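Each chain is listed here by its residues.
2 protein chains.
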Amino acid sequence: MDIQNLVRELKVPNKSKIVMLVADGLGGLPIEPGGATELEAAKTPKLDALARRGVQGNMTMIAPGITPGSGPGHLALFGYDPVKHLIGRGALEATGVGFKLGPKDVAVRCNFCSLDAAGKITDRRAGRIPSEESGPLAVKLRQVKIPGVEVFVEPVKEHRFVVIFRGEGLGGNVADTDPQVTGAAPLDPVAHDEASRRTAEAAKEFIAQARKILAGQPKANGLTLRGFSAAPIIASYEEVYGLKAACIAVYPMYRGLAQLVGMEVIGQPTTLDEEIDVLEKAWHNYDFFFVHFKYTDSRGEDGNYDEKVRMIEQFDAVIPRVVALKPMVLIVTGDHSTPARLASHSWHPVPTLLVSDTCRPDGLTGFGEKQALQGGLGHFQAVYLMPLAMAHAERLGKFGA
Amino acid sequence: MDIQNLVRELKVPNKSKIVMLVADGLGGLPIEPGGATELEAAKTPKLDALARRGVQGNMTMIAPGITPGSGPGHLALFGYDPVKHLIGRGALEATGVGFKLGPKDVAVRCNFCSLDAAGKITDRRAGRIPSEESGPLAVKLRQVKIPGVEVFVEPVKEHRFVVIFRGEGLGGNVADTDPQVTGAAPLDPVAHDEASRRTAEAAKEFIAQARKILAGQPKANGLTLRGFSAAPIIASYEEVYGLKAACIAVYPMYRGLAQLVGMEVIGQPTTLDEEIDVLEKAWHNYDFFFVHFKYTDSRGEDGNYDEKVRMIEQFDAVIPRVVALKPMVLIVTGDHSTPARLASHSWHPVPTLLVSDTCRPDGLTGFGEKQALQGGLGHFQAVYLMPLAMAHAERLGKFGA
Numbered sequence: 000m001d002i003q004n005l006v007r008e009l010k011v012p013n014k015s016k017i018v019m020l021v022a023d024g025l026g027g028l029p030i031e032p033g034g035a036t037e038l039e040a041a042k043t044p045k046l047d048a049l050a051r052r053g054v055q056g057n058m059t060m061i062a063p064g065i066t067p068g069s070g071p072g073h074l075a076l077f078g079y080d081p082v083k084h085l086i087g088r089g090a091l092e093a094t095g096v097g098f099k100l101g102p103k104d105v106a107v108r109c110n111f112c113s114l115d116a117a118g119k120i121t122d123r124r125a126g127r128i129p130s131e132e133s134g135p136l137a138v139k140l141r142q143v144k145i146p147g148v149e150v151f152v153e154p155v156k157e158h159r160f161v162v163i164f165r166g167e168g169l170g171g172n173v174a175d176t177d178p179q180v181t182g183a184a185p186l187d188p189v190a191h192d193e194a195s196r197r198t199a200e201a202a203k204e205f206i207a208q209a210r211k212i213l214a215g216q217p218k219a220n221g222l223t224l225r226g227f228s229a230a231p232i233i234a235s236y237e238e239v240y241g242l243k244a245a246c247i248a249v250y251p252m253y254r255g256l257a258q259l260v261g262m263e264v265i266g267q268p269t270t271l272d273e274e275i276d277v278l279e280k281a282w283h284n285y286d287f288f289f290v291h292f293k294y295t296d297s298r299g300e301d302g303n304y305d306e307k308v309r310m311i312e313q314f315d316a317v318i319p320r321v322v323a324l325k326p327m328v329l330i331v332t333g334d335h336s337t338p339a340r341l342a343s344h345s346w347h348p349v350p351t352l353l354v355s356d357t358c359r360p361d362g363l364t365g366f367g368e369k370q371a372l373q374g375g376l377g378h379f380q381a382v383y384l385m386p387l388a389m390a391h392a393e394r395l396g397k398f399g400a
Numbered sequence: 000m001d002i003q004n005l006v007r008e009l010k011v012p013n014k015s016k017i018v019m020l021v022a023d024g025l026g027g028l029p030i031e032p033g034g035a036t037e038l039e040a041a042k043t044p045k046l047d048a049l050a051r052r053g054v055q056g057n058m059t060m061i062a063p064g065i066t067p068g069s070g071p072g073h074l075a076l077f078g079y080d081p082v083k084h085l086i087g088r089g090a091l092e093a094t095g096v097g098f099k100l101g102p103k104d105v106a107v108r109c110n111f112c113s114l115d116a117a118g119k120i121t122d123r124r125a126g127r128i129p130s131e132e133s134g135p136l137a138v139k140l141r142q143v144k145i146p147g148v149e150v151f152v153e154p155v156k157e158h159r160f161v162v163i164f165r166g167e168g169l170g171g172n173v174a175d176t177d178p179q180v181t182g183a184a185p186l187d188p189v190a191h192d193e194a195s196r197r198t199a200e201a202a203k204e205f206i207a208q209a210r211k212i213l214a215g216q217p218k219a220n221g222l223t224l225r226g227f228s229a230a231p232i233i234a235s236y237e238e239v240y241g242l243k244a245a246c247i248a249v250y251p252m253y254r255g256l257a258q259l260v261g262m263e264v265i266g267q268p269t270t271l272d273e274e275i276d277v278l279e280k281a282w283h284n285y286d287f288f289f290v291h292f293k294y295t296d297s298r299g300e301d302g303n304y305d306e307k308v309r310m311i312e313q314f315d316a317v318i319p320r321v322v323a324l325k326p327m328v329l330i331v332t333g334d335h336s337t338p339a340r341l342a343s344h345s346w347h348p349v350p351t352l353l354v355s356d357t358c359r360p361d362g363l364t365g366f367g368e369k370q371a372l373q374g375g376l377g378h379f380q381a382v383y384l385m386p387l388a389m390a391h392a393e394r395l396g397k398f399g400a
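In the order they appear, the protein sequences are chains A and B. Residue 0 is where the first sequence starts when you use numbering that gives the first Met the number 0, and the numbers rise one by one after that. Residue 0 is where the second sequence starts when you use numbering that gives the first Met the number 0, and the numbers rise one by one after that.
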């Protein structure tokens, strides 16, 4: 069964509002055997109060054992099968800098590199060139002209930039040109299928012209191309859910992911408090709000248990402002676990809380991994979160007579 | 989503070791209403100690309500969809006697039977002929020669033996020749499809020559053929998981099943203690160990609750020797339930315990059916056990960027 298709058919409009608060990398692990996870250790009186009114579940993002990247994690939260709708690395990079990919686009992650006189790579990251130097160089590459193909070049940071080829008949199946070692020349772009032949040719032409433009640069006189990928074809939130959706996020990656599913990216917040300011101001203009909080993941990735605990407590502190807006459905969750103990994304399920006047409270008294195991939503797949949100918002009609 | 394909793509090598201890037929039922299951009644201090460090789940082998045979049960444990990778009865029988099936093979379960002068069956099991008599007879049938088809004959036990036809274009879809009643002649082998026509012809020729060889035998002067089946095409553990895997089992059936997925069968143990001896000796040579303990199932099949409890306690006693080896992931599970109360395999889920420094402990204090219901792995399908093992062994990369 394709749950998203079912939801699409059953959706009915109303005036209810849904808020999805995503604390990135929320789930965690104890540091010591028998200890508490970050969320269990954090003092979260506001979330615990919500837990008493709501229903929790232990949410698997993709499948048991599978650790999601940010792309698949968010697609799953948004209700899109993350295996079916795989976002290529180039497309994710373009999305991450806020580039709006269209159906005729192929995006490519590019690295500046250093080449010797023989054209062999001496440094795969162009001597860790700083963004202030690499940015203007990337912009310079916008001079490249390829007949029949529109070319976009966007700086990312340090040695990284992204190129988008736009045109008819451009497949996304082209091999990386990075030989992965120094002492070798960059490879030619080779098409893996007939549909990608024109893309490989465009890439070859791009490289030739770029090399001329970069000639004489002390560090970044060469380039490698990786992760060629066509834009994913994804139905919008409006089409699937009938929701006018807004994204409130600080980081370009999450703004880009939301844009891929047709959310409108609003505000230019730089802190969680500013994000809630944006939420309050835009409250009457949208049906659905995705609010992204980055730093739970960042401190998890740093391996800093105590700071992740503190970030969760910061997150807890803004809850009353969201509750005061009286959303019909309020969801608190993460896009994956990032236990400080592992200092990386992990496969562990994500404790998830849904609060609504229409929910069946499960009698739990606090929000956390162990409590979520006993929750009324049970152990469930992330792609069911949006259907649950829609149902609790009374935006889904009956299936069958 | 094909979870096994996903795991195959995401696997990364490392030096970690995984042990899967399978107590055959582990799950049980209370004898009296309100009573304990065999596992709950057994004194299992070692398993309970593991439970405090690990994470449990209630594992469904195939689907709710479906009782697995040993083949599907083990395939599911090994991470192969047991409905997709159905092992035919002939293939299972061949596998069970340690015959290594190849891609051109069709295996057939055969019975010696007694025929009267008119060629009608008087005893479908050849008077319960003992293995000492039937074995040499089966070996004698190796004299059969069929043009273009290689023939292998392997004794099994009592009236049972197995025949393997090897050749090009041999389909496995041939009807049984056993009429299922006495007083009737064995049926002719009939192909159910065009691809199996040559197999049916080979079988007919085999029967004709065998009848000549057996002519004059007092009990076993005839034969019936059942469960024609081509070798299942199964990717190996090495291909799928990148694991060098070893099987430690007493009984040929389980050794055969492990061999089907490319495990190396090691040692010639005859007891559980000897199995652990083999494990200890081979510890540095493999990444993954499947250790099979038969007697929990045997006593369940006997309908002997108390003895099944005792077998579980024997199983518990060897746990410290396994723990002492410090596997990165230790799994304790079964291939299905065999409640003494039903004296047969059953559909009930199997309590499953995974212990690893990377697991999220669920706070449970003992290992058993009721505790497993509250476990952090939730209610899950057996095909996810290997992905979970791989994840906890940190042998799976991130899905998507």
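The set of hints was computed from the structure by calculation and includes no laboratory data. The reader is advised that the hints may include incorrect statements.
Stated by the list, open to error - Some chain A residues close to chain B (C-beta under 8 Å, calculated; not the full set): (1) 9; (2) 13; (3) 62; (4) 63; (5) 65; (6) 91; (7) 341; (8) 342; (9) 344.
In this text, all values refer to a predicted model and were calculated from it rather than measured experimentally. C-beta: ideal position from N, C-alpha, C; glycine also.
Right, here's what the structure says about each hint:
1. 9: Violated. Min distance 23 Å.
2. 13: violated, 33 Å
3. 62: Since the shortest Cβ distance to chain B is 5 Å, the answer is holds.
4. 63: holds, 4 Å
5. 65: holds, 5 Å
6. 91: Residue 91 of chain A check passes; min Cβ-Cβ to chain B is 5 Å, inside 8 Å.
7. 341: holds, 7 Å
8. 342: violated, 12 Å
9. 344: The hint holds - residue 344 of chain A has a Cβ within 8 Å of chain B, the shortest such distance being about 6 Å.
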